[in-house]
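Just so you know, the sequences run in chain order A and B.
Taking this note's numbering, the leading residue of the first sequence gets 1, the next gets one more, and so forth.
Taking this note's numbering, the leading residue of the second sequence gets 1, the next gets one more, and so forth.
Be aware that a few hints might be false.
[What the hints assert, rightly or not] Within a straight-line C-alpha distance of at most 25 Å, the following computed BS3-like cross-link-like pairs (lysine-lysine) qualify:
no. : chain 1 : residue 1 : chain 2 : residue 2
1   : A       : Lys329    : A       : Lys339
2   : A       : Lys160    : A       : Lys171
3   : A       : Lys361    : A       : Lys318
4   : A       : Lys339    : A       : Lys160
5   : A       : Lys150    : A       : Lys160
6   : A       : Lys160    : A       : Lys125
7   : A       : Lys318    : A       : Lys387
8   : A       : Lys57     : B       : Lys213
9   : A       : Lys318    : A       : Lys365
10  : A       : Lys442    : A       : Lys130
11  : A       : Lys171    : B       : Lys160
12  : B       : Lys157    : A       : Lys50
13  : A       : Lys53     : B       : Lys264
14  : A       : Lys433    : A       : Lys155
15  : A       : Lys274    : A       : Lys222
16  : A       : Lys23     : B       : Lys264
17  : A       : Lys318    : A       : Lys247
18  : A       : Lys439    : A       : Lys150
19  : A       : Lys124    : A       : Lys318
20  : B       : Lys239    : B       : Lys85
21  : A       : Lys198    : A       : Lys160
22  : A       : Lys327    : A       : Lys374
23  : B       : Lys85     : A       : Lys130
24  : A       : Lys433    : B       : Lys213
25  : A       : Lys274    : A       : Lys327
26  : A       : Lys365    : A       : Lys147
27  : B       : Lys239    : A       : Lys247
28  : B       : Lys85     : A       : Lys150
29  : A       : Lys124    : A       : Lys439
30  : A       : Lys106    : A       : Lys171
31  : B       : Lys264    : B       : Lys157
32  : A       : Lys339    : A       : Lys147
33  : A       : Lys57     : B       : Lys264
34  : B       : Lys213    : A       : Lys53
35  : A       : Lys342    : A       : Lys327
36  : B       : Lys239    : A       : Lys50
Simulated from the structure, these hints should not be mistaken for lab results.
Just so we're clear, the structure is a prediction, and the values are computed from it rather than from any experiment.
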Amino acid sequence: MEKPDKNNNNIVEKVWKFFTSVKLAAALILTIAITSIAGTVIEQQTEPAKNVKLFVKIFGAKLAPSIYSASDAMGLMDMYHSGWFTGLLVLFCANLIICSIDRLPKISRLVNEELSPMEEPSFKKFSIHKEYNLQGNIKDRVEDILKTLKSLGFKTVEHKSADGLQFYGQKWGISRYAVYVVHLSIVLILLGAVIGVKFGFNGYLSLPEGESSDVAYTRDGKTQPLGFTVRCDDFNVDFYNDTDMPKEYKSWLSIHENGKEILSQSIEVNRPLKYKGYAIYQASYGPVTDKNALIILRVTPSGGKTETMSMHVGDSFKIPGSTIEGKAKYFSPALAFNKETKEPFTYSEMMNNPAVYLEFKKDGKDLYEGWVVKRYPKTWDMPDGNKMELVDYWGYQYTGLQVRNDPGVWIVYLGCLTMLLGLYGAFFLSHRKIWVLLKGTKNQTTVMVAATTNKNRLSFEGVIYRAFEMLTVQR
Amino acid sequence: MVIAFELALTCYFISTILGVLELVKGSKATSRGMTVFAILGFTLHTLSIVMRFIQGGHMPVANLHEAASLFAWSVVIIFFIIEIKYRVGLLGAFIMPMAFILMLSSSILPREINPLSPVLQNYWLWIHTLLAFTGDAAFAVACGTGVMYLIQEHFVKAKKLGGLFHRLPSLRVLDEVNYRLITIGFPLLTLAIISGAVWAEGVWGTFWRWDPKEVWSLITWFFYALIIHLRITAGWHGKRSAIMSVAGFVAVLFTFFGVSILLKSMHEFK
């Protein structure tokens, strides 16, 4: 940091100092962490009744109302979007940035510092140091030693002095910057998030089968024009075996512009549709209260060709190639039978087990009747070999779509990537320095090794000792 | 499948007993026995997880039973790695009880295999969980070395330089291994959070929703970031760092079990 002029910049200096202090960083981290807990206990962005109940449980009926209104005033019901929490994050960012800028010049000096040869006594002052006696004189062994240094990843400088022959070098000094890369990445992630909140859109859209919309809605009821029309062509849920546990749900959507269909695509929970910066996600589904839906039947007369037919409840139809008349009498979205009385009943509004009750007549005489259940193919076969497959009750369900446009997401991802690179450098690379001094007699070479590292000393020590140990074993 | 799990649990139990015996009265025999049973238990445990994977057709993390079991498995594997790399004497005596307790809690939880909801049917499931579990396991082992540090420090302070003092690693080694584990766990936790965010973005269209599980992961992340910063800039080595790593693991445990059991989270085992 440049030294600000003492008289003029006293306040600037004080503010700067305040933001560079580790105490502030620690205090901010702790405050953010501890206040965050409140938002995990109080349900966020939900109807007040739920949290009032929670408060009564914790504080008792007497205290609850006043504590609730106080917490509400503090924004605790939506605390992560409240002014003070945002303020904490902004302070945190300022702290990160200023801390980093303040320390950079010193770090850059450490990275760019040239190594110099050492006097013999200095070798013993290092926490990593050892002496090895090798067979053979220096001339014979210098190659091996250089090889060892190279295998350790060091480019070394040679130095001759009265003490002997010396090699020294350093590597990965640049990893000292890694921690500031991590700091930068946090700022990037928060920046991306802010851009997403400020300029993005997050809304929802419920579309009954067969309907379309050119707007989506925000949580607080605002309308957002999309600039195109989305239509829900169909929606379907599949279940695991004979349970009510959904296995997969799918919407078939189409995009229209100026009355023309631009694209048509099915979406699933993990697979959104993307168009013009918007991403449309499968979020939920449910029944529509208006029940003017269409029963879709796939009819296969015995020995005949399959035909798909659609009808409302109460409508009649003819089995192709015969005089048999069918009628869709009832529909149940979730058919079940009472265990004792065997009476049919509907156990859910959701299409968990859709079934249609068909009645067949020939020349005015009753033939057969019964339930055709979509999930049970056994029920599709009629006594006389005709087959009735229930395909859908089209128009009964709506698909719940989440509509998002987040221009900041790529900055967030860039931030994440930067963070990973930074963390790798910060925790797995370290600034390592090594000095090796060779002294020899006729058939022996004494090698003194000294080394330092700014991180992970134990593992560096192990690597060095093992490498030089090898040299003593050879020959 | 059940037998492999039960046998693994038994092996971990025997290993724990031998580990405790080793603490009280160190001998080569108990030490070797502990290692043998830990390896045997781990092999059986791996087998039971693989079999459950095949049977369920998905990564076995779909309920608390499976999650606790995988957590125990991750703790043991991290223990092995540290043991091979650093040879910290007596570490097993502190880690195997932890693995055993996790395994025991897994054994009493309901074991039925649940089908996966559409949200979880995704390759992110195993990426995200493996990262999170190994990260948490590194913090677990860090907590173990933290406890060892505190015990050893007590001996040094009290000048009781008896048998256990000589068998426990030196304070310096314990401190370094403790910090090393934190610096392994921290990037893994970061990766787990990021992979979770990318996954959520694909499923819900939002990479961050301030869900209790997300917030608690972030709290844990902040806490370990604090440990690292205090160590580097304020010199919180040794005892303070050891205490912090124990406290950090409490946060990990709450994020892991507490949020799932006590708080309402979208991050469900379903």
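Hints versus structure:
The hinted pair formed by Lys329 of chain A and Lys339 of chain A meets the criterion: a straight-line CA distance of about 23 Å does not exceed 25 Å. Our distance criterion of 25 Å between C-alpha atoms is met by Lys160 of chain A and Lys171 of chain A, whose separation comes to about 22 Å. Between Lys361 of chain A and Lys318 of chain A the alpha-carbon distance is near 10 Å, which keeps this suggested pair within the 25 Å criterion. Between Lys339 of chain A and Lys160 of chain A the alpha-carbon distance is near 98 Å, which puts this suggested pair outside the 25 Å criterion.
The hinted pair formed by Lys150 of chain A and Lys160 of chain A meets the criterion: a straight-line CA distance of about 19 Å does not exceed 25 Å. At roughly 21 Å between alpha-carbon atoms, Lys160 of chain A and Lys125 of chain A fall within 25 Å of each other, so this suggested pair holds. With a C-alpha separation of about 13 Å, the suggested pairing of Lys318 of chain A with Lys387 of chain A holds against the 25 Å cut-off. A threshold of 25 Å between alpha carbons decides the hint, and for Lys57 of chain A with Lys213 of chain B the separation of about 23 Å falls inside it, so the pair holds.
Restraint check: the Cα-Cα separation between Lys318 of chain A and Lys365 of chain A comes to about 14 Å, which is no more than 25 Å; the hinted pair holds. Of the pairs offered as hints, the one joining Lys442 of chain A and Lys130 of chain A holds, with about 22 Å between alpha carbons and a cut-off of 25 Å not exceeded. Note on Lys171 of chain A and Lys160 of chain B: the hinted pairing is violated, with a Cα-Cα distance of about 43 Å set against a maximum of 25 Å. Only pairs whose Cα atoms come within 25 Å are accepted, and Lys157 of chain B paired with Lys50 of chain A is rejected, the gap being roughly 53 Å.
Our distance criterion of 25 Å between C-alpha atoms is met by Lys53 of chain A and Lys264 of chain B, whose separation comes to about 14 Å. Our distance criterion of 25 Å between C-alpha atoms is met by Lys433 of chain A and Lys155 of chain A, whose separation comes to about 10 Å. Restraint check: the Cα-Cα separation between Lys274 of chain A and Lys222 of chain A comes to about 22 Å, which is no more than 25 Å; the hinted pair holds. A C-alpha spacing of about 34 Å is found between Lys23 of chain A and Lys264 of chain B, which places the hinted pair above 25 Å, so the restraint is violated.
Taking the CA atoms of Lys318 of chain A and Lys247 of chain A, the gap is near 35 Å; set against the 25 Å cutoff, the hint is violated. Only pairs whose Cα atoms come within 25 Å are accepted, and Lys439 of chain A paired with Lys150 of chain A is accepted, the gap being roughly 20 Å. As the CA atoms of Lys124 of chain A and Lys318 of chain A are separated by approximately 102 Å, the hinted pair breaks the 25 Å bound. At roughly 23 Å between alpha-carbon atoms, Lys239 of chain B and Lys85 of chain B fall within 25 Å of each other, so this suggested pair holds.
For the hint pairing Lys198 of chain A with Lys160 of chain A, the CA-to-CA distance comes to about 64 Å; that exceeds 25 Å, so the pair is violated. With a CA separation close to 17 Å, the supplied pair Lys327 of chain A and Lys374 of chain A stays within the 25 Å bound. Only pairs whose Cα atoms come within 25 Å are accepted, and Lys85 of chain B paired with Lys130 of chain A is accepted, the gap being roughly 21 Å. Restraint check for Lys433 of chain A and Lys213 of chain B: the C-alpha separation of about 43 Å exceeds 25 Å, so the hint is violated.
Restraint check: the Cα-Cα separation between Lys274 of chain A and Lys327 of chain A comes to about 42 Å, which exceeds 25 Å; the hinted pair is violated. About 101 Å separates the Cα atoms of Lys365 of chain A and Lys147 of chain A, which puts this hinted pair outside 25 Å; it is violated. Taken as a hint, the Lys239 of chain B and Lys247 of chain A pair is broken in the structure, with Cα atoms around 51 Å apart against an allowance of 25 Å. The suggested pairing of Lys85 of chain B with Lys150 of chain A holds, with an alpha-carbon distance near 23 Å, which does not exceed 25 Å.
About 15 Å separates the Cα atoms of Lys124 of chain A and Lys439 of chain A, which keeps this hinted pair within 25 Å; it holds. Proposed proximity of Lys106 of chain A and Lys171 of chain A is supported: the alpha carbons are some 18 Å apart, at most 25 Å. Taking the CA atoms of Lys264 of chain B and Lys157 of chain B, the gap is near 45 Å; set against the 25 Å cutoff, the hint is violated. Taken as a hint, the Lys339 of chain A and Lys147 of chain A pair is broken in the structure, with Cα atoms around 83 Å apart against an allowance of 25 Å.
For the proposed pair Lys57 of chain A and Lys264 of chain B, the alpha carbon gap of about 16 Å is at most 25 Å, so the pair holds. For the proposed pair Lys213 of chain B and Lys53 of chain A, the alpha carbon gap of about 22 Å is at most 25 Å, so the pair holds. At roughly 23 Å between alpha-carbon atoms, Lys342 of chain A and Lys327 of chain A fall within 25 Å of each other, so this suggested pair holds. Proximity of Lys239 of chain B to Lys50 of chain A is assessed by CA-CA distance (about 44 Å); at most 25 Å being required, the pair is judged violated.
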